[in-house]
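Please dock the two separately framed chains into a single complex, following the hints provided.
Listed in order, the protein sequences are those of chains A and B.
Here the first sequence is numbered in this note's numbering, starting from 1 and rising by one per residue.
Here the second sequence is numbered in this note's numbering, starting from 1 and rising by one per residue.
Just to be clear, a hint being listed does not mean it is correct.
[Stated by the list, open to error] Label pairs and their in silico Cβ distance ranges: (1) A/K203 - B/A6: 48 to 54 Å; (2) B/L163 - A/R64: 33 to 39 Å; (3) B/G205 - A/Q131: 31 to 37 Å; (4) B/Q175 - A/H158: 31 to 37 Å; (5) B/A28 - A/K203: 34 to 40 Å; (6) A/H158 - B/S168: 24 to 30 Å; (7) A/R16 - B/M173: 23 to 29 Å.
[To be verified] Here are some of the chain B residues that sit facing chain A, going by a computed Cβ distance under 10 Å: (8) R32; (9) P84; (10) D207; (11) Y208; (12) L210; (13) A214; (14) G216; (15) V217; (16) R219; (17) N230; (18) P283; (19) A286; (20) A290.
[Said to hold, decoys possible] The following residues of chain A were derived to be distant from chain B, with all beta-carbon distances above 12 Å: (21) S2; (22) T12; (23) E33; (24) G66; (25) E77; (26) V79; (27) D80; (28) G94; (29) T123; (30) R143; (31) L169; (32) P178; (33) L305; (34) M330.
Honestly, the hints are just simulated from the structure, not real lab data.
We treat Cβ as the ideally placed atom computed from N, Cα and C, and that holds for glycine.
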Amino acid sequence: MSLLSVDELAVTFGGRGMREVNAVSGVSFSVDEGQVVGLVGESGCGKSVTSLALMGLLPNKGVRVGGRAMFRTGRGETVDLLTLGRSALRDLRGTQLAMIFQDPLSSLNPVVPIGVQVTEILTRHRGLRGQAARKEAAHLLDRVGIPDPTRRLKEYPHQLSGGMRQRALIAMAVACAPRLLIADEPTTALDVTIQAQILELLKELVDDQGTALLMITHDLGVVAGMCDTVNVLYAGKVVEAAGRRPLFAAPAHPYAHGLLGSIPRLDAPRGERLNPIRGSINDTIAWQDGCAFAPRCDFYVDECLRGTPQLAALPRGADGHDVRCVNPVMTGPPETTTLLDKPTTPEETASGGDDDPDGGDGEGPAAGGGTDEDTGTGSGTEASA
Amino acid sequence: MTTKTAKIDRLAELTARRETATGGSLWAEALRRLRSSKMAMIGGGIMAVFVIIAIVGPWIAPYDPTAQTWRGEVRVNAAVFVGPRGDNWLGLDHLGRDELSRMLVGARQTLLVGVVSTVLGLTIGALIGGVAGAALSFGGAAGRRLDTVLMRFIDMMLAMPSLLLAVSIAAVMGQSLTTVMIAVGVVQIPIFARLLRGSMLAQAGADYVLAARALGVRRRRIVLGHVLPNSLGPVIVQTTLALATAIIEAAALSYLGLGNPDASQPEWGVMLAQAQRFFDQAPMMAVYPALGIIITALGFTLLGEAMREALDPKLRS
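Okay, chain B solo, but in the shape it has when bound (with noise of 0.2 Å):
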């Protein structure tokens, strides 16, 4: 636990003291690098095809992801699966519905569990850590106070591994997207926390906050004005790599059997986990799901790590 903290501490200093060595916009040169970056090409073209999938998928899908089709006679020890063919793609599952329907359906609730979940993490985590940061920079002994409480309540969260958290909140709350949403975004808490205090600690040491308080700028003005557009960089690109790991989270979630009981919305997550009793006869079943999470998660990682590169003093020419 510690090393994790100090590990996310040390990613938001690092971050941060580059930027203030460099300088300049930041945002404008980080678009420019990730323009000519092959791995943010790729992943942000990952990421627009999931999105549109995401979008569109109900439309296109060819059938109805929870009518079921007649599979042929049922015979002792024969194969009943259906596999690949002409008018199913990727051929049915077990309850004889169609695959490629399920998939497209599905990756819209794998896109709003991911999304809604981060959004969630990021808000109230960065409101805990930018509350926690301000107040232990400018809020003399009772801010220190205040910081002290907020971030042994964020140890106390990471200290917990987080698919445990996870579970017992999904096992308090009950089975439901919205559970699995939820646990998965309080995992996410106390990392934006951590990262963006970190971050502006580092900044509130700068020498442009020095200058604005020797020239008698407001205490809030200088935290919302100079300290926290400084710090956002490492919280961008923890989001993009939250995003990866939130649907991965999710997916686990339903696997254990915690996500969607609702049959009329297929999500790959719960796929994989029905998939899993008929693996020795019928293997693609849980091999088109877990693709597709992992296709998901490599493009919303690789945007991030290229994000993060395109941050990166030290990969700078």
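Okay, chain A solo, but in the shape it has when bound (with noise of 0.2 Å):
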């Protein structure tokens, strides 16, 4: 059995008076040890919602949560993350959960040094006090690539540059070795250089520890970086679910297919168009009345209203390679695609045929984090602040 394995997930916010919003209505996928697993949708289809959910933080009041995930524990127990006690779960986070949040400014106490915070953890979890704790937390800002960690604990949130905060969330985070780390946008909020630099940490630390990993994305780029499998989610509901290469090279899904065609290229003619998915995310779609992404496709048929569509194993496609549509698209990635620049095994190849090898380093914006070959480049130490 899988690290994680989330069944039918659903999360319903709404109140007295109010109406109520699916944010996520039925999301499946599962996490092994050591592998990143990505989540990918635009803004409003259920990701930070869902790893909110997976984590307990979301607010008691007025939602209403539904489905499985079920944990196993370091000590072998396999537990319901959904319906574990208030306290047995805040034992578990940290230990065993762990979570990296989108902006590291706000995401730690601007008041206190860094390294009360980081001790903090280490005094909770593992009893660390006094001399032993401050080593422990130096000892960790060095693993994450903070130089002169001993200084640096006395330092203030601000008197550290983007990528160091995001380092110190980071460290605080592994600071017990979790089992699971779930990181939610983890590069949003960097510079393009740094991103590439936070992305390789979080891949040194998955292939150290054996950390499983949980990457919440809208950045296509980190997912062609980082992710072994994918899940593309859309209104609440996983829409297309693969391993990286497939997904790459033939996205199925209209959707899938609309997000990896609309990346700009960099090599694109000058004043060539974009290629949005029109239209935008609606949440008063139900998906009882049939597909939500139907007023959106391009590839629409009447069948699509015909009820939801089912998860299935694409015909022809790799293992795996699931697809939550009437329809899918068999023709291969859009030409704009070039985040999987070295298709690396012949089936892929010609599958991939209207991949432009030469269009490689073809970068968009969109893919700030990085191919698989960029992250690497990126390893040096930031200027400090």
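Following this line, the structure appears as structure tokens:
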């Protein structure tokens, strides 16, 4: 059984006199040890709500959570994160589960030195105090690549650069070697060069400790560079789940296809129009009446409105390539896709026929995280503040 | 009343949001800004002079503030009041006591009332507000109920005009200096409670609290180590401003005859009240204590305003 298996997770916001909003309506995926799983989608598709639900950090008023999220703890027990008691969950957080947030500045307490915030975690979970805690904190900062850690421990968050703040947060998250790390858009607030360094660091930690990483992002460049498997979310449901290469080589759901097609490329001729997905996400479209993506879809057929499409294996697709669509796109990737520039296996070369092999360095702004090869180049130390 | 409540909450929210947005070691930054502010320097200077006078006043006073001096011949319709002269720089009052000595000695009482009542209001108010804010943010359903009970109680206090509340308390407890302190202090309780609670609520929703929760930090530690230190900014500013209000309110209570009846301990408010009867013959008798109160309150207000500005994001360059 995998480390975390989420089964039909549903989150509904609502209250007396308010219209109910289904933020997440039946998301299923699983994460294995040492695996990097991506959760991709545009704003409002339920990415962050999914992660908060798994951590038990949703407000307890006006929120209904359904489904199951079975997590195998270090002691070998399997617990349901969604029904676990509050104090049991609190003990789990930090030691077994940890989370990294989007904005490193606001995620650190502005009036408390970094050192206090790091040692606080060590005291809470590992019982370290005084000199021992400070030493371990310095060691942690050193491990995430913060130069001169002993001095940095005494500094306040505003005295660190953006990249170092995110490093400090990562140090806090990995302080107790959690089994699952959830990263909610960890690079969104950072410069492109720092993004690459942070992704490289996360990758290192995953490789060293066998930590599983659930990567929540809207940045397809990050997905291309990091994830082993990818779940594409739309309107609170997984619409496509596949390995990284099959997804980028042959996105089958029209939404995933559209996402990849909408990435601008640097080497495009001047004045060429962008290819956006038309319309915007709309939470009033219920999945019960048919596919929620249908109104925005270019491959729309009558059958799309006959009940909820099921997440099913793609005919003629790679192993584990599931798609929730009655009329999947079978033509290969949109021609602007350049995120995976060098297909490694022959059959992927065949399926990704439209991919221009010379366009590999034409990385668009949306692909800021860099590709496979690019993340390795940014491992130098960033300038300190 | 609603607007008053809303205003305090809004102030707390604004200040809190700014702290989250700009980050940084709040206190070092604020202190640096205070030093470069002319307003803060003037306010601080006035406060320093006032505090020094309050401490050394009784020793530098040229006369015993209760000793009566012969004021010369008493004649019908003549000015029996002695104005400023060589021996008595500020003149004598209606009983022939030296005004300068009374002002110097009275500063101590005035400062005592201001500080004690503000500390009283701050302590109880911050306690109620802090408990309510922590309970509402982290206490679940029981916490929400506790917050409701505490805040409705505070709202009841806020609903009463502050001077009326102070007068009622003073009337019930009788005439003494302690009464004045308690009455003025009680009036400050709801303001501090509302302010700290609102500030804490804003901080409880901050990202770093979510991040701390995501790493399993205990609730008590989050409240004491994260939320509270970030919520104190507006409370500290309010304390300075409250000192000025407390001095004025104490003077008002004394003026209304609810102050310290002990004539051996002059107090500016009482002096002002007594001068009222002789205002047409000796207006200076009222001017001295009034000026004293105004300048002192101005000093505290200037410092408070400067602190508020030092902590305000929009005025930061």
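Verification of the hints:
1. A/K203 - B/A6: 48 to 54 Å: The hint (48 to 54 Å, Cβ to Cβ) holds, given that A/K203 and B/A6 are roughly 50 Å apart.
2. B/L163 - A/R64: 33 to 39 Å: violated, 50 Å
3. B/G205 - A/Q131: 31 to 37 Å: Roughly 35 Å apart at Cβ, these two residues keep to the hinted range, so it holds.
4. B/Q175 - A/H158: 31 to 37 Å: violated, 53 Å
5. B/A28 - A/K203: 34 to 40 Å: holds, 37 Å
6. A/H158 - B/S168: 24 to 30 Å: violated, 48 Å
7. A/R16 - B/M173: 23 to 29 Å: Given a distance of about 46 Å, which is not inside 23 to 29 Å, the answer is violated.
8. R32: violated, 13 Å
9. P84: violated, 52 Å
10. D207: holds, 4 Å
11. Y208: holds, 5 Å
12. L210: Hint holds; B/L210 Cβ to chain A Cβ min 6 Å, cut 10 Å.
13. A214: holds, 4 Å
14. G216: Because about 3 Å separates B/G216 from the closest Cβ in chain A, which is inside the 10 Å limit, the hint holds.
15. V217: For B/V217, the interface hint holds, since the closest Cβ of chain A sits about 6 Å away, which is under 10 Å.
16. R219: holds, 8 Å
17. N230: holds, 6 Å
18. P283: violated, 51 Å
19. A286: With a closest approach of 47 Å, the B/A286 hint is violated.
20. A290: At 41 Å from the nearest chain A Cβ, B/A290 fails the 10 Å test, so the hint is violated.
21. S2: holds, 22 Å
22. T12: Holds: least Cβ distance 20 Å, greater than 12 Å.
23. E33: At roughly 21 Å from the nearest Cβ of chain B, A/E33 sits farther out than 12 Å, so the non-interface label holds.
24. G66: holds, 21 Å
25. E77: A/E77 clear of chain B: closest Cβ-Cβ about 17 Å, beyond 12 Å.
26. V79: holds, 15 Å
27. D80: Nearest chain B Cβ is 18 Å from A/D80, so the label holds.
28. G94: violated, 3 Å
29. T123: violated, 9 Å
30. R143: Holds, since 17 Å exceeds 12 Å.
31. L169: violated, 7 Å
32. P178: Nearest chain B Cβ is 9 Å from A/P178, so the label is violated.
33. L305: holds, 39 Å
34. M330: holds, 41 Å
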